[in-house]
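2 protein chains.
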Amino acid sequence: MANPLLSDRNVEFLLHEVLDTKALLALPAFADHTIETCEMYVQSARKLAREVLYPAYKPMDQAPPALDGGQLRVHPAMHAIYPRLVELGTITATRPPSVGGASLPTCVATLANAYLMAANLSAYGYAGLTTGAARLLESFGTDELRERFMTRMYSGEWTGTMALTEPQAGSSLTDVKTVAKPVENAGHYLVRGSKIFISAGDHDLTENIVHLTLARIEGAPAGIKGVSLFAIPKKRIDPKTGALVSNDVHVAGVIHKIGWRGIASLAINFGEQDDCHGWLVGEPHRGISYMFQMMNEARIMVGLNAVATAAVAYQESLEYAKTRPQGRPLGAKSPESPQVPIIEHADVRRMLLRQKAIVEGGLALVVEAARLQDLSEHATSDDERTRARLLLDLLTPIAKTFPAEKGFESNALAVQIHGGYGYTSEYLPESWLRDQKLNTLHEGTSGIQSMDLLGRKVIAGGGAALRALVDAIEKTIGRAKRAGVPDAWLTRLQGSVTAVGEVTMQLGELGMKGDVDAMMRHSFDYMEMLSIVVVAWQWIVQAAAAKEGLARGASEADRDFYEGKLAAAQYWVSTELPRVGTLGALCRSNEDSYARARATWF
Amino acid sequence: MANPLLSDRNVEFLLHEVLDTKALLALPAFADHTIETCEMYVQSARKLAREVLYPAYKPMDQAPPALDGGQLRVHPAMHAIYPRLVELGTITATRPPSVGGASLPTCVATLANAYLMAANLSAYGYAGLTTGAARLLESFGTDELRERFMTRMYSGEWTGTMALTEPQAGSSLTDVKTVAKPVENAGHYLVRGSKIFISAGDHDLTENIVHLTLARIEGAPAGIKGVSLFAIPKKRIDPKTGALVSNDVHVAGVIHKIGWRGIASLAINFGEQDDCHGWLVGEPHRGISYMFQMMNEARIMVGLNAVATAAVAYQESLEYAKTRPQGRPLGAKSPESPQVPIIEHADVRRMLLRQKAIVEGGLALVVEAARLQDLSEHATSDDERTRARLLLDLLTPIAKTFPAEKGFESNALAVQIHGGYGYTSEYLPESWLRDQKLNTLHEGTSGIQSMDLLGRKVIAGGGAALRALVDAIEKTIGRAKRAGVPDAWLTRLQGSVTAVGEVTMQLGELGMKGDVDAMMRHSFDYMEMLSIVVVAWQWIVQAAAAKEGLARGASEADRDFYEGKLAAAQYWVSTELPRVGTLGALCRSNEDSYARARATWF
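Protein chains in written order, with the numbering used here: chain A, 1 to 602; chain B, 1 to 602.
Chain A extracted, bound-state conformation (with noise of 0.2 Å):
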């Protein structure tokens, strides 16, 4: 059965009618572009993920790359797609001519991968975990390692990988121990240590692989700000005969992953023979600073991932919804007349419009958190820039954590209307369940992010950017109001903005009294609250232009998309923004239960 994937009338809805992509083109930065640029960009994507992604994306779950001397093989799909996702020019889209880019708008590139991410997240991931890579050196490194290692990544010769976490300290970048010892007068580094969860760590695509990775120059100081930096070759060029030799990288051990099986996550070794040579990106301890420099771009790619395994699952369980007979309906059942498709039953619409609401407000969500991407780097004021600076901080947490989260949940759901088929391995959704996991695991937990959210985020500029959001909600609703959206719908959104202003207030003068742990204590309930809301206002800005579609007159085939935005915009905001009450509360409460359990409690 052919999978869509994606809607794509969803996506020309969100090109053309959601985002303000006409403003954006406005830009200097785009001028190289128009919409029909972006539009060919997007469908040579989406052709892409449906001829020949997708169909390696069950064979590369079944046969994951394996070890081979040493040497991990990949599926063979996987040679015939690399050089593909290369010459779409997946890698540098969003990239400046002067390193090879097309200066794609971020928001553009984001619907291109969503369809890519969809048909296969694990080839897709070898394509994006180079540009993350090679992004760092792009910002961070001299003229020299740009030369040396960039070029070679963003031209797709050799790809690349992010090595920060350490069997010992996992989340806790502070406890990273793998040394780097300077040599004198040679410009490099000798590097000695064990990183796990490496993804993409090797493989045979590429004669070389360029980890971007943390360690600690001898004698630095002990923590967060004594961590550097490197970029460290699989293989070094030998200065003598210009080859490419081993250098010190060894693979130490595959794991073995419950789903993203078409990309090995690798226990790696740096310097087991004390020959493996790194050289510093930027200053000395200043490695995790741009790490988070880079954080922004990167949870959000996690999002898209989210809601992209979402969407895929969202579309298959749909089509099967549509042509499954099984039972009647309610009050008709005289067991003569035929069955009827499973959509017909009011509870499996109820599952289908769920996801409908997790995936769709999910991607418009992302979608704006990479508009606010372009507008942060390439607005032409300096106010306009600090702005969506101020309100990407804010969602990046949230555009990262609900499709993780949510996504999860839609993604059973997909499981769940397929019955007992979907707990098969004859279909599809139950991998897609799988590849959904990590997303909540990987690039921050979803406590981590809570935690950043409320910590950080939204008592930023002394609320500035939590004003920043309330001010485009605003808007929205202003938008709202005059394509006749129902008042009762804004009302509701409106009200639950001054809740959470009320919420954040008195959190915030805790923490500003010096009680942290209260203040945090409901972390998790706060981000869960937080992104209802602002997905509500992802669904209202939906619905606006829904309402403003069909006001222009709509073909029957429009009305019917427009009218299933309107539905999801009222699930969204009957079933959800109501929890936004006893959320809020419940944060605002002394509720201590967890926060005083001791752990011979449990």
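Calculated directly from the structure, the hints in this document are not laboratory data.
Hints are supplied without guarantee of correctness; some may be wrong.
Pairs involving identical chains hold if they fit within one copy or between any two copies, as the list cannot separate such chains.
[To be verified] When the alpha-carbon atoms are kept at most 25 Å apart in a straight line, the in silico SDA-like pairs for lysine to any residue are as follows:
(1) K47 to P335
(2) K58 to H256
(3) K235 to T174
(4) K22 to N3
(5) K235 to S246
(6) K513 to G331
(7) K47 to A379
(8) K58 to I255
(9) K177 to G331
(10) K47 to E218
(11) K181 to G226
(12) K322 to G223
(13) K58 to E426
(14) K225 to R328
(15) K181 to A31
(16) K225 to Q339
(17) K240 to A557
With chain A held as given, fit chain B onto it using these hints.
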């Protein structure tokens, strides 16, 4: 790492401090038992679970049964386990001595089975399914059929299955198409048809398997009222030689399940050569009604399985959280200080306490349902039996659905606590997450349970069932008041009970006016609302028992245990009970987003 599977202290707590085991054992039906014999049985099951079943869990998950020339071969470990389960008395523990059983109260057997399921749900499945199938023969079979099949099943010589589902029908048993043709003067029928998802439908553990199968007698009326129940053995006894010969029952395919991998789910063909003998059980056309009389037990069994699967993962993640050092407490950020076990982070305790609330709340609920089962069969007065049955019927869909739905969330939290390691098959939480997903699907999906609850159970007897629940809760509130459980908690529970009554009344009125669609629209939300209240009731029962225990003067270990109970009760009352308001409002509202949504809108 040894896994305790369940907390022994908690099992003792339920047996001695929560349930009124003494009153139950005073019933004539349980005259053979004392609290000591009950404990001995639980201890034997616990020992078998830990020493024999659990070590085989991972090997069985990794190497599922496979076909070998039309015959399914189970994992070698299973050949050692099955006789031990038979020897323990698992199959007949609760059955009367007249059929070889031990007359153990079901609620005691439930606690024993919880260990077996937590250790290795597939291994237990061979025994549990045999009990279920044999019970149908015990209740509805003739003496001849009981002699021929039931005695051999209860003795463990043969196993049993339930063969309900057909590929074209799924949950819609109305659409069963398997046909049974009477053979004149032979006492049996010739059966022809295909079944799917038959758990333990084939294996090499015993020389025969009896399938309790739904089929239509030729010429039977269409629909539910034309479906009969048959006993169909894999091999039948040749009347001439007395030997077992093929009964034309064939494995048509092995379904590749994502969990419960130690027990196969099969597609089975009956009568490919028109030589499949089936024996009618009970009267013609009453098969569905017989199945439904066993349904409470089957569904509570699923609920127990869900609890057990969540429990074993909770214990694993608790152990991990106590031993895995990572990061430092908020406000103690010196990187020189040692890392702390992750249980020291409040957000990790949040996840653990939520798991505890779900697991121990769910177990208390399932055990209470089992106790009602005991009373509904063995209480000495008609009136007591009727009241127990009414409440049991009401609680059954909840005792099935709550552990299945929230157990899945709980199992996902166990993965989350393990971080990146939880995403690997080197650790077990991912396998329990896979196992758990089945429980929202089999024995009636969560959607079907929700319609059963609202459409039948709460309105049964003109509201008598709901009144029985309210009475039981009020009795608990009385006990809790006397024990010193905080008034605020009791007021909250009382308020929620009132709210549920109002919602139910309004929905019942809609139904009586004939607007069944509007009544049933939010049946899933109704299920969630009532589940929260019912589990809160079980937490208040436990809080009362904990307060009583503290008042008696407890050892330090017991004090910790009781404080943990109070913390979990506080968590549930503060975090979940407030949701009753929003869910109730939703049920009462005209929210019709998915009700009115058309297939073309998605």
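Against the structure, the hints:
Taking the closest pair of Cα atoms, K47 and P335 never come within 25 Å of each other, the shortest separation being 44 Å inside a single copy and 50 Å across copies. In this assembly of identical chains, K58 and H256 lie within 25 Å of each other by CA distance both inside one copy and across copies; the values are 17 Å within and 14 Å between. Proximity of K235 to T174 under the C-alpha cut-off of 25 Å is found in neither arrangement, the shortest distances being 28 Å within a copy and 66 Å between copies. With identical chains, the CA atoms of K22 and N3 are never at most 25 Å apart, being 31 Å at best within one copy and 60 Å at best between copies.
In this homomeric assembly, K235 and S246 come within 25 Å of each other (Cα to Cα) only inside a single copy, at 5 Å, whereas the closest approach across copies is 64 Å. In this homomeric assembly, K513 and G331 come within 25 Å of each other (Cα to Cα) only across copies, at 14 Å, whereas the closest approach inside a single copy is 61 Å. Within a single copy, K47 and A379 get their C-alpha atoms no closer than 31 Å, and across copies no closer than 68 Å, so neither meets the 25 Å cut-off. For the identical chains of this complex, K58 and I255 are neighbours both inside a copy (19 Å) and across copies (17 Å), given an alpha-carbon limit of 25 Å.
Taking the closest pair of Cα atoms, K177 and G331 come within 25 Å of each other only across two copies (22 Å); inside a single copy the shortest separation is 67 Å, beyond that limit. For a Cα distance limit of 25 Å, the shortest separation of K47 from E218 qualifies neither inside one copy, at 50 Å, nor across copies, at 53 Å. Only within a single protomer do K181 and G226 lie at most 25 Å apart by alpha-carbon distance; the minimum there is 13 Å, versus 82 Å between protomers. Taking the closest pair of Cα atoms, K322 and G223 come within 25 Å of each other only across two copies (24 Å); inside a single copy the shortest separation is 56 Å, beyond that limit.
For the identical chains of this complex, K58 and E426 are neighbours both inside a copy (10 Å) and across copies (22 Å), given an alpha-carbon limit of 25 Å. In this assembly of identical chains, the alpha carbons of K225 and R328 lie at most 25 Å apart only when taken from different copies (16 Å versus 65 Å within one copy). Proximity of K181 and A31 under a CA criterion of 25 Å is satisfied in neither setting, with 46 Å inside one chain copy and 78 Å between copies. In the homo-oligomer, the alpha carbons of K225 and Q339 lie at most 25 Å apart only across protomers (17 Å), although the nearest pairing inside one protomer, at 66 Å, exceeds that limit.
For a Cα distance limit of 25 Å, the shortest separation of K240 from A557 qualifies neither inside one copy, at 66 Å, nor across copies, at 70 Å.
The earlier numbered hints that this structure contradicts are 1, 3, 4, 7, 10, 15, 17.
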